Amino acid sequence: MEALYHQYKRRVYALVYRIVGAGDAEEVAQDVFVRVFRGLGAFRGESQLGTWIYRLSVNAALSYVAKRGRRAEIPDGAEVLDALPAPPVAMSDPKLAAKVEAAMSALPAGYRAILVLHDIEGLSHEECAAILDCRVGTSKSQLHKARAKMRELLGPALAGERERS
Amino acid sequence: MSACEHVRAELTAYLDGELDETSASSLRGHLRLCVECRALADQHARIVDVLAALPPPEPPPSMWDGVKARLGAAEIEDARRSRLGLWWQRVRPHLVPAMGLAAAAAVAAVWIAHRRASGDEPAHEVAIGHHEVTPPVPPSPPVAPSAADQIDVRDALASDDDHADAAYRAAAEELIAMAADAKGDWTPSQQKAFDARVAALRTAAEHAASGEPRERAWQALIDYVQRAVVGVRVAEAL
Chain A
1 MEALYHQYKR
11 RVYALVYRIV
21 GAGDAEEVAQ
31 DVFVRVFRGL
41 GAFRGESQLG
51 TWIYRLSVNA
61 ALSYVAKRGR
71 RAEIPDGAEV
81 LDALPAPPVA
91 MSDPKLAAKV
101 EAAMSALPAG
111 YRAILVLHDI
121 EGLSHEECAA
131 ILDCRVGTSK
141 SQLHKARAKM
151 RELLGPALAG
161 ERERS
Chain B
1 MSACEHVRAE
11 LTAYLDGELD
21 ETSASSLRGH
31 LRLCVECRAL
41 ADQHARIVDV
51 LAALPPPEPP
61 PSMWDGVKAR
71 LGAAEIEDAR
81 RSRLGLWWQR
91 VRPHLVPAMG
101 LAAAAAVAAV
111 WIAHRRASGD
121 EPAHEVAIGH
131 HEVTPPVPPS
141 PPVAPSAADQ
151 IDVRDALASD
161 DDHADAAYRA
171 AAEELIAMAA
181 DAKGDWTPSQ
191 QKAFDARVAA
201 LRTAAEHAAS
211 GEPRERAWQA
221 LIDYVQRAVV
231 GVRVAEAL
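The listed protein sequences derive, respectively, from chains A and B. Take the first sequence: its letters are residues 1 to 165, numbered as in my numbering. Take the second sequence: its letters are residues 1 to 238, numbered as in my numbering.
So here's chain A without its partners, still in its complex pose:
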């Protein structure tokens, strides 16, 4: 059991972290692992174990966000970009990364989910569709809308980035 936890802890935590936010990520990730361990007996191998765990993670995170009604608490646009939380680990462009993280937190939870699965975790649309229980075409269109919304939120920051580079 512990080996399974260590195998998936980073992926589960990273997924829920970016959907529910840093403050609630640990609680939701713990809930996911409880569901995983208590549901392993019923897991029938119809999908890969990793896909099943991702699906539990996304569902738990989206349910949590829905219950919390977090969207109402999050400011939009420039307010979000003004609040620049430090990224978890330094990267080559930490300031832009922080803005991207902040912009992500302003997206609807469903957009965050597809961005995390496809663009951050690098899953295919087929895998995303299996996890999100939707069609591949829906996964693609959601990703397109999510990126467009990100560009809308990050437009000035990206423009400034181009001028500097």
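Footprint (simulated), chain B over chain A, 3 or more residues, beta carbon under 8 Å:
(1) 1 to 10
(2) 20 to 27
(3) 32 to 41
(4) 95 to 101
(5) 110 to 122
(6) 131 to 144
Since the hints were derived computationally from the structure, they do not count as laboratory data. From a predicted model like this one, the values you see are computed outputs, not experimental measurements. Note that the Cβ used here is the ideal one computed from N, Cα and C, for glycine as well.
Take the given structure of chain A and dock chain B to it, following the hints.
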């Protein structure tokens, strides 16, 4: 759709390498000519690059301890539910026939009321126990029981009110005794509220009119105690 709109709709597929070579070449050609679309494509590509390079957040070391604690709490809850499930399996044979007879009582009462309303029933017919007969009445029962059936049903109901009452009372008392264990985890104010509510529901059950009103009162007491002990109805727990 203009050429720009078409290109912008295809940007995600292009950046993800999902366009065939002809479509991709056409899109690249448009980007060479259109400054606005090229800026848009640059921004999309930049977002994708940054997202892919975001470092994963590290799970806190305390997370595993939290998982183990939650699993332990869930197993304790399972133990309580299992105990409730065993209890329910034991009392159900006594309660279910009582509920069935209560339903039969309602049907019989309605049928007799219909007979009276239509003039088929003698005016001096004795009412069934304390069941209240509530119009409106179905226009015509599909099968009217014989006079002998009426006597049998009434006799059964008269004796079974007592049986059902005893079965519900025993079930409620047993469940309340089980709740005594769970109460140890509650705050004093929760215990006080629970005791007061149980006393009120028990009084209501004991003073309710026999038959269906009393059964409903016992069921309300049982339902409340179930919810207090495990937070869910027995039917959901099984």
